[in-house]
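Protein chains: 2
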Amino acid sequence: MRNILIIGAGRSASSLIRYLLDKSTAEDLKLVIADIDLDIAQRKTLNHPNASALALDIFDIKQRAAAIEKANLVVSMLPAHLHIEVAKDCIRFKKHLVTASYISEQMQDLDTAVKANNLVFMNEIGLDPGIDHMSAMKVINEVKEKGGKMLAFESFCGGLVAPESDTNLWNYKFTWAPRNVVLAGQGGAAKFLQEGTLKYIPYCNLFRRTEFLEVDGYGKFEAYPNRDSLKYKSVYGLEDVVTLYRGTIRKVGFSKAWNMFVQLGMTDDTYTIENSETMSYRQFVNSFLPYHLSDSVESKMRLLLKIDQDDIMWEKLVELDLFNDDKIVALKKASPAQILEKILSDSWTLQTNDKDMIVIYHKFGYELEGVKHQIDSKMVCIGEDQTYTAMAKTVGLPVAMASLLILNGKITQPGVQLPIRKEVYEPILKELEQYGVNFKEDVMPYYGYKL
Amino acid sequence: MRNILIIGAGRSASSLIRYLLDKSTAEDLKLVIADIDLDIAQRKTLNHPNASALALDIFDIKQRAAAIEKANLVVSMLPAHLHIEVAKDCIRFKKHLVTASYISEQMQDLDTAVKANNLVFMNEIGLDPGIDHMSAMKVINEVKEKGGKMLAFESFCGGLVAPESDTNLWNYKFTWAPRNVVLAGQGGAAKFLQEGTLKYIPYCNLFRRTEFLEVDGYGKFEAYPNRDSLKYKSVYGLEDVVTLYRGTIRKVGFSKAWNMFVQLGMTDDTYTIENSETMSYRQFVNSFLPYHLSDSVESKMRLLLKIDQDDIMWEKLVELDLFNDDKIVALKKASPAQILEKILSDSWTLQTNDKDMIVIYHKFGYELEGVKHQIDSKMVCIGEDQTYTAMAKTVGLPVAMASLLILNGKITQPGVQLPIRKEVYEPILKELEQYGVNFKEDVMPYYGYKL
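Listed in order, the protein sequences are those of chains E and Y.
Take 2 as the starting number for the first sequence in this note's numbering and just add one per residue.
Take 2 as the starting number for the second sequence in this note's numbering and just add one per residue.
Excised from the complex, chain E in its bound form:
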C-alpha cells in the first residue's frame, strides 16, 4: 500500500479525492484525509474502504509530524501561507509534496534541501496556477521544437457561472472565494507588455481597460489585466516576446459595472466602517455619497455615477437590493469590502442546481520560416454539480494526477518546481481530456494588435 496524506478537505478537494479513490484499488493506494474539522474529512472519504479521516490541527507540531511520517506523499490543499511548516516536515521525513499554490519565497528557499533528499515538491499544479502553465508550455515548446520564435503570449482565465445557471444581470456568481473577487486587482498597478511597450494600469482604471474574447458556442467575454504579467517572461522562457499579457475573464459588461463599486470606494479593505453592525444596506451605500438635504440615495448615486435610471448599469445595482433600508449589514467592525461581499453573496451565491464554468483562452504569436502565425487555444469546462464543480475538477484533478505520477516514478526530477516540463504536462494534459478538460487549438495568421 502507498499512503497519501491529503491535508485540507474543503471544496477544492472533492474531485481530487474521488479521482484517487477511483484508482486506489488498482494503484494500491491508501488515503488519509485530514482536516481541522473531522466531519468534513469524514464526508470526503465517501465511505471508501481505502480512505480514512483524520482530525488534524496543523499547528499541533507533534500530530502533524506523526501524520506526515506515515505517508508516502503529502498533498497540501491548505491556504497558501500554511504550506511551509508541512513542507519542512516533508523534508524531515523525506516525503514528496504536491500543492496547487504559487511557490512562495519560503518554499523556494527549501529547494536545495528538497534536491539533497531527492524529493519532488510540485507546486502550482491546480487550475490557475496549474492548467494554465501546462497548456501554455505545451504550445510554446511545440513552437520552439519546430524552430519557431515566440513573438507574443496572452493568457486569460476565469471562473464563471455556466450558461444554464446564468440568471442575473451581472452574468456572474461566486464560484470561488468571494473575498478574492471583491479584492481583485488591488495592491498595485497592473503591468504588462504590448508590442514592445511596457504598460501600467492603476486600480481605478483596471476595469475600464478590458479586452474582448470570443469563444465558439459560449459567446463574447471580456478580460481585465492581472497584476504582474511580466514575471512569466522568465518562467515560460519568453525573453524575446513583444507582447505578454495575462488577464481574468468575465462576461461582457461585468467590469464596467464592477467599476462602479471601485469608484464609490466599496471594495476598500484598509479600514472599517463605524457602526457596520447595525447599519442598513442603504446606509452603507449612503456612506459613499455626498450629503444632500433632500435628494434620495438613488438620485445621489445616479448623479455621482453619471448614469440614467434606464441604464443597464443602474438595473444591475437595483438587482443587488443595494438600496434596501431593512436589510442590516450585521457584521462587526467590517471593512467596505467585507460588507460588499456580504451584499453580493445575497445575490451571487450558487443555488442548489447551479453549475459553474471555467474558461481559459491562450493566444500564442510566433514566427516560423519568416512567416508570422498565431495559435489560439481555448478550454471550457462545466461543473457536474455543487460538489464536483468545474473549479474543483480543474484544481483537484491535476494535483491528483501529479501525485500518482510521482508515486509511480514517472515524475522524478527533484526540487521545488512548477509544471512546466514535458514529463509533467504531457501525461496530465492527456489524461485531463478524459475528464472534460479539452484545449482546442486553432492556427491562424498572426493578428497581434492589428485588429
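Possibly wrong hints are sitting among the right ones.
No copy labels: a pair is met if it fits in one copy or bridges any two.
What the hints assert, rightly or not - In silico EDC-like links for lysine to aspartate or glutamate, alpha-carbon gap of 20 angstroms or less:
| hint | residue 1 | residue 2 |
| --- | --- | --- |
| 1 | K343 | D322 |
| 2 | K334 | E278 |
| 3 | K234 | E275 |
| 4 | K431 | E442 |
| 5 | K150 | D443 |
| 6 | K232 | E275 |
Think of the hints as simulated: they come from the structure by calculation, not from any bench.
Values in this document were obtained by computation on a predicted structure and should not be read as measured data.
Mind docking chain Y on chain E? Use the hints.
Below, chain Y without anything else, positioned relative to chain E:
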C-alpha cells in the same frame, strides 16, 4: 543671554530666524543656527552679531548632545521623523522644545518625562498644523464661553500661488514640497462627517468630490477632503458636532484636471518604471495608454480621458509639455509619482519674482439661545518674495513667537502639547496680525448644507 538652538535652516526657517534676530537685542537672545550644510546655516545668520552658524549632523550623538546642552530652548525644523532623538536629548538636558510637526506616537510617549522635568514641548505650531489649530480654537472657545453649542466645523487650508504670479492654466505652482503635492490624498480613504452621516471617499474619487469656497477679493476656490477629519473631534472638543470636514484648497478647476493624473496612474509611488532614466516624457505618458497600431499618444489620451481637443482639460495637459519626445525623464528607477513631479516642476516652479499665497477658511456652525448661527473665518497671506514666502512666514512666525513666550515664562504648562489653549493662541494670533496674518470673522445665519 538666552540661547536658542535652531536645528534645520531650510526654506521654512527664514521668517522664524529673522523674527528672532529682530528681537534678539531687546530680548537678550543668542541664536545658534544648525544645519547639516554649514553654508545654508551661515546664510541664515544674516551676519547678525547675535547669530552663529553650526554644522550639525544630528546622527552624531555627541555633537548633537553638546549643541543641545548649551541651549536654553531648542527649535527643531527637521523633517517630522527626525525630531525624536532631539526630543530625548532635550529631556536629558532639561530644555524646552518647539516643532511645527504633528505629534508622533513616539513624541506623545515622552509626555510623562517632559512633565516630570517641568518642560514645554510645543508641537504643531506652524501653519497647518498650527495657525489652523489656533484660529479654530479661538472661535470655538468664544462660542462655548458665550454658552453656545457647536454644531459644525469645516476647515480648509491651501498653499497657492499669489494672484499676481498666477500665470498658468492650472492656477498652481509648487510653493512647498512638490512630492507631498503629487502624493496628496494617497494612503487611505478620506473620512469626514456631514450632517450626522459618516462619509468615505476613495482616492480615485477624491478630486471629483470638491466643495466650493468664495473669498472676497480673491475669487472662487475649491477644496478636496483631507484624509482623516474625525480625529479633530477629540482634539478640538467637538464631540457633539454633526459636521466635521477638513480640506485642502485649490483654485477652481485644479482638482478636476489633477484627477486625470490619478485616473491614468501617474501619481503612483509604489513601483518603479523600467527604463525611466532614458524614456521621454511622451514615452512616460504612453506607458499609461492602451497600445494602438497607428493612433497617436494624443488621440489615445483624449479617448481614454473622454475629452475633446478644445477642452480646457486638454490645454492644461498640453501646457505641461507632456507629449514632448525630446525631453528625457533622466531619473534612475523612478516611480510614476517621481517622474510626474519632475515634469510638473518644469512648469510649476516659482520664478524669481513670483509670490506665494496661503488661504485658510473656517466655517463654524453653532446654536446659541435656540438660534443657529454661523461664523466664517478667513485669512489670506501673500509672500514678500522667494525667501520670506507666505509659507515661511505662516510656518515660522508662530514657532518663533511660541519659543519666545516659553523663554519669557508666558507659556508654562508642561508636557507634550499642541497650541489649543488660550495662553498660547491668544498672544500669538494677536502678534501675527502685525505680520499680515489676519483672520476676518463674519457672523451669519447657519447655512449648514442647505445651499
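Verification of the hints:
In the homo-oligomer, the alpha carbons of K343 and D322 lie at most 20 angstroms apart inside one protomer (12 angstroms), although the nearest pairing across protomers, at 47 angstroms, exceeds that limit. For a Cα distance limit of 20 angstroms, the shortest separation of K334 from E278 inside one copy, 7 angstroms, qualifies, whereas the shortest one across copies, 45 angstroms, does not. Taking CA atoms no more than 20 angstroms apart as the test, K234 paired with E275 passes between copies only; the shortest distance there is 15 angstroms, against 45 angstroms inside one copy. Taking identical chains as interchangeable, the C-alpha atoms of K431 and E442 lie at most 20 angstroms apart only when both belong to the same chain, with a minimum of 14 angstroms there against 81 angstroms between chains.
When the C-alpha separation of K150 and D443 is checked against a cutoff of 20 angstroms, the pair qualifies only within one copy, where the shortest distance is 18 angstroms, while the shortest distance between copies is 75 angstroms. In this assembly of identical chains, K232 and E275 lie within 20 angstroms of each other by CA distance solely across copies; the values are 14 angstroms between and 40 angstroms within a copy.
Violation of the numbered hints given earlier is absent; every hint is satisfied by the structure.
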